[in-house]
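Asker: For reference, the chains in residue letters:
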Amino acid sequence: MEIPYTVEPRPDSGLANGKLGIWLFLASEVMLFGALFSTYILLRVGAAEWPHGELSIKLGAINTVILICSSVTMVMSWASLKLNNFSKGRLYLLITIVLAAVFLVNKYFEYADHFARGEGPWHNTFLAIYFTLTGLHGLHIIGGIVVMAYLLGPGAGLWKRNPEQYTNRIEYTGLYWHFVDLVWIFLFPVLYLL
Amino acid sequence: MDKVETGTAHGHEHAHGHAHHEELGFWRKYVFSVDHKVIGIQYAVTGLLFLLFGFCLMMLMRFQLAYPGSPIPLIGGLFGPDKAPGGIMLPEFYNQLGAMHGTIMVFLGVVPLAVGGFGNFVMPLQIGAPDMAFPKLNMMSYWVYFCGGVVMLVSFFLPGGAANSGWTSYPPLSVIATIGQTAWLTGMVFLITSSLLGSVNFIVTIVQLRAKGLSYMRLPFFVWAQFVTSFLLLLAFPPLEAAGVLQLMDRLAGTSFFMPSGLVVSGRPLTVAGGGNPLLWQHLFWFLAHPEVYVLILPAMGIVSEVIANNTRKPLWGYRALVYSIIFLGFMSFIVWAHHMFMTGMGTNISAFFQVTTMIISIPSVVILTALLLSLWGASIRFTTPMLFALAFLPMFGIGGLTGLPLGLAPSDIHLHDTYYVIGHFHYVVAPGTIFALFAGVYYWFPKASGRKMNDTLGKIHFWGSFICINLVFMPMFIQGLGGMNRRMYDGGMQYAHNAGLLKWNVVIGFAAWGLGLFQLPFIVNFFSSIKWGAVVDRNPWEATTLEWSAPSPPGHGNFLTEPVVYRGPYEYSVPGAASDFTPQFEPKGA
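Which chain is which? The protein sequence lines are G and R, in order.
In this text, residue positions in the first sequence follow my numbering: the first is 1, and each later residue adds one.
In this text, residue positions in the second sequence follow my numbering: the first is 1, and each later residue adds one.
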């Protein structure tokens with residue numbers, strides 16, 4: 001038994017199953033982060049005073065650049081595969097993973113700095129929402145790394161059997177990765193700058 | 001799971017004639033199966049068991065309310081000294097039962113049965129698909145749900161027992177509650193994840209895997225109901241997941257998302273940073289939980305439509321109106337949530353907005369109910385067991401819906417809020433409404449799942465007994481609620497003078513509830529005995545028109561023997577000039 005449209009798009013919807021699936025998943029993610037951003041707004045509007053300058057804008061800006069670069073390399077990986085260049089596609093995927101890891105290391109230094117001062121999420125509502133939002137975002141980064149590592153390692157065998165399906169998987173991972181990037185692009189000004 | 005086995009063994013036609021069919025071992029075939037039919041049956045059986053369990057919790061509570069302070073007979077000694085010393089229920093235990101009854105019925109019983117069970121089993125068959133779009137994801141949804149259920153059940157054995165802050169888990173109470181609340185939140189994260197995976201799968205399947213010729217306006221109404229429901233699950237559950245994460249942070253990391261400054265508990269100020277907002281939880285919770293109400297009711301409407309069209313031998317009245325109404329209903333359900341919060345002091349402008357949207361959302365509900373009612377007009381109805389349940393759904397849902405109107409208007413809600421009137425209202429929608437529709441679905445699709453019909457006599461005993469008892473349970477609650485009886489008192493509120501004349505109803509409700517329990521026995525017996533001894537049926541025992549009846553009963557792996565093609569709309573019953581009183585969707589033109 002074969003499930004139709006796992007690789008090729010269905011003519012009337014113009015989508016393969018996985019692509020529609022990942023877009024729907026991202027829609028639910030928008031609602032998840034939307035709820036947390038709403039929480040941020042509500043807490044901030046209701047607060048008597050809101051802390052400023054608690055976070056290192058420099059580290060945050062560096063991380064923003066890193067994530068944007070990783071989005072670019074992700075697209076490059078997919079484009080290389082589309083051009084049938086598997087080794088180049090793998091290289092760009094590897095760079096994406098490295099950039100994601102560098103992001104997490106940076107984040108670790110930021111977290112460690114707060115905990116060293118004894119200021120965890122319990123300290124005030126600003127740090128509470130900061131740790132929740134960035135923590136959840138960090139989990140999404142880790143999830144992305146796991147999927148990309150799978151596609152780089154054990155999942156790469158699919159390229160030989162069905163290159164189109166493998167390329168599609170890279171594309172869907174890329175869509176997710178851009179979303180994770182986009183969330184950070186909202187998080188950076190909201191938490192670091194405003 | 002068992003019935004697929006017996007069904008296939010005794011089935012007179014099976015799909016093993018398929019080009020290739022690899023034999024799977026027992027575990028892959030019945031336990032970790034990726035076949036939507038097996039997963040659907042797993043969901044349905046688990047859901048039915050949780051419904052029974054949740055109902056048992058309620059029967060215990062009903063004893064406490066009918067005879068406050070008396071030891072529970074027979075089983076009272078089983079609960080131990082920290083829940084019911086000497087068999088007498090402690091208030092803390094009553095609160096656990098209340099919170100878990102709601103949680104289990106909604107998240108572990110009705111939704112898994114209505115969406116996971118019927119959606120999984122019937123929907124791919126009705127659209128002519130070989131399986132769901134992502135079969136492995138489908139299996140994962142079930143097992144994640146199963147884990148969530150286990151976490152919820154185990155929480156009863158934690159120190160301090162299960163969650164006891166109501167199924168709504170309002171902070172600050174829930175944040176300072178016993179560890180059972182942490183288990184509740186963990187279980188909810190599992191259940192939400194399961195629903196999300198499931199809803200993605202459902203939507204992709206309906207968009208991508210419809211058979212040739214099955215355009216959107218030829219979809220059976222049940223598929224439309226599942227489609228809209230999936231969008232509600234997809235978009236409404238994530239905010240609750242966010243809220244759950246925030247409450248876990250409050251409980252475990254000491255944050256103050258929901259904890260206001262200066263909170264004093266038992267005479268001592270809490271050592272939290274403060275600055276949070278308990279209303280935030282209510283907004284996030286009801287942003288899910290109101291669409292959730294429609295998640296409970298829409299699949300039920302879908303099932304009832306299928307059963308009514310089949311047993312009236314007429315097309316559904318106003319198919320297009322039904323479809324547009326259900327889409328509008330789904331959309332509106334996202335902007336009515338704060339009508340649960342009129343008493344929180346949100347301000348009259350916000351209340352006015354939500355009153356207006358609440359009145360608007362009643363319009364598509366009435367359109368759907370009216371269309372189903374008009375479908376009966378002039379029909380020569382077959383009073384089969386599923387039809388009886390479907391017919392009962394109409395007035396029961398009607399009562400539930402109409403009694404909701406006073407709750408949707410702030411002035412009357414101020415009087416009725418948190419009374420038994422509210423309990424009566426939403427139970428009329430969900431219990432004799434949705435659950436009756438689910439029973440209709442079980443009787444209606446049982447032959448498809450097992451190849452055998454359920455017994456009609458037992459079915460009718462089940463129906464009439466349940467119908468009478470369930471009304472005796474919920475109708476008196478309107479009287480109690482209008483009299484001002486509060487819904488959360490573990491002894492019914494004996495100390496209040498205004499309850500004096502109302503408490504006697506608790507005895508009536510108690511006996512009706514236990515009677516309702518007794519009348520489920522014919523169903524249980526019928527369900528299991530029909531798997532083995534029910535009358536063997538052909539592929540289309542109800543002479544129905546939709547695609548699932550073109551597959552063998554039970555359908556084999558891959559569902560259809562030949563690729564299904566659809567030639568017409570879903571409900572072509574009694575077409576003038578046709579050879580029989582039903583013209584199936586899969587019958588070629590001019591055949």
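Since the hints were made in silico from the structure, they are not lab data.
Among these hints, one or two may not hold up.
Below are the DSSO-like pairs computed for lysine-lysine, each with C-alpha atoms no more than 27 Å apart in a straight line [as the list claims (entries may be wrong)]:
| no. | chain 1 | residue 1 | chain 2 | residue 2 |
| --- | --- | --- | --- | --- |
| 1 | R | K136 | G | K160 |
| 2 | R | K453 | R | K29 |
| 3 | G | K19 | R | K136 |
| 4 | G | K160 | G | K19 |
| 5 | R | K453 | G | K19 |
Among chain G residues calculated to face chain R with C-beta under 8 Å, some are [to be verified]:
| no. | residue |
| --- | --- |
| 6 | L32 |
| 7 | Y40 |
| 8 | I41 |
| 9 | L43 |
| 10 | N84 |
| 11 | F86 |
| 12 | T125 |
We put the CB at the ideal spot given by N, CA and C, even for glycine.
Asker: Hints first: check each against the structure and report whether it holds.
Answerer: Each hint tested on the structure:
1. At most 27 Å may separate the alpha-carbon atoms for a hinted pair to count; K136 of chain R and K160 of chain G meet this at roughly 23 Å.
2. For the hint pairing K453 of chain R with K29 of chain R, the CA-to-CA distance comes to about 23 Å; that is within 27 Å, so the pair holds.
3. Taken as a hint, the K19 of chain G and K136 of chain R pair is honoured in the structure, with Cα atoms around 16 Å apart against an allowance of 27 Å.
4. Of the supplied pair hints, the one linking K160 of chain G and K19 of chain G holds, its CA atoms being roughly 21 Å apart against a limit of 27 Å.
5. Of the pairs offered as hints, the one joining K453 of chain R and K19 of chain G is violated, with about 41 Å between alpha carbons and a cut-off of 27 Å exceeded.
6. Hint status for L32 of chain G relative to chain R: holds, with the closest Cβ pair at about 4 Å, below 8 Å.
7. At about 10 Å, the closest approach between the beta carbon of Y40 of chain G and any beta carbon in chain R exceeds 8 Å, and the interface hint on this residue is violated.
8. At a threshold of 8 Å, the smallest CB-CB gap from I41 of chain G to chain R is about 10 Å, leaving the interface hint violated.
9. A cut of 8 Å between beta carbons decides the hint on L43 of chain G: the least distance to chain R is about 7 Å, and the hint holds.
10. Here the hint on N84 of chain G is broken, as its CB sits about 27 Å from the closest CB of chain R, past 8 Å.
11. Nearest Cβ of chain R to the Cβ of F86 of chain G: about 26 Å, over the 8 Å cut. The hint is violated.
12. Satisfaction of the interface hint for T125 of chain G is found here, the shortest Cβ-Cβ separation to chain R being roughly 4 Å, below the 8 Å cut-off.
Checked against the numbered hints listed earlier, the structure breaks hints 5, 7, 8, 10, 11; every other hint is satisfied.
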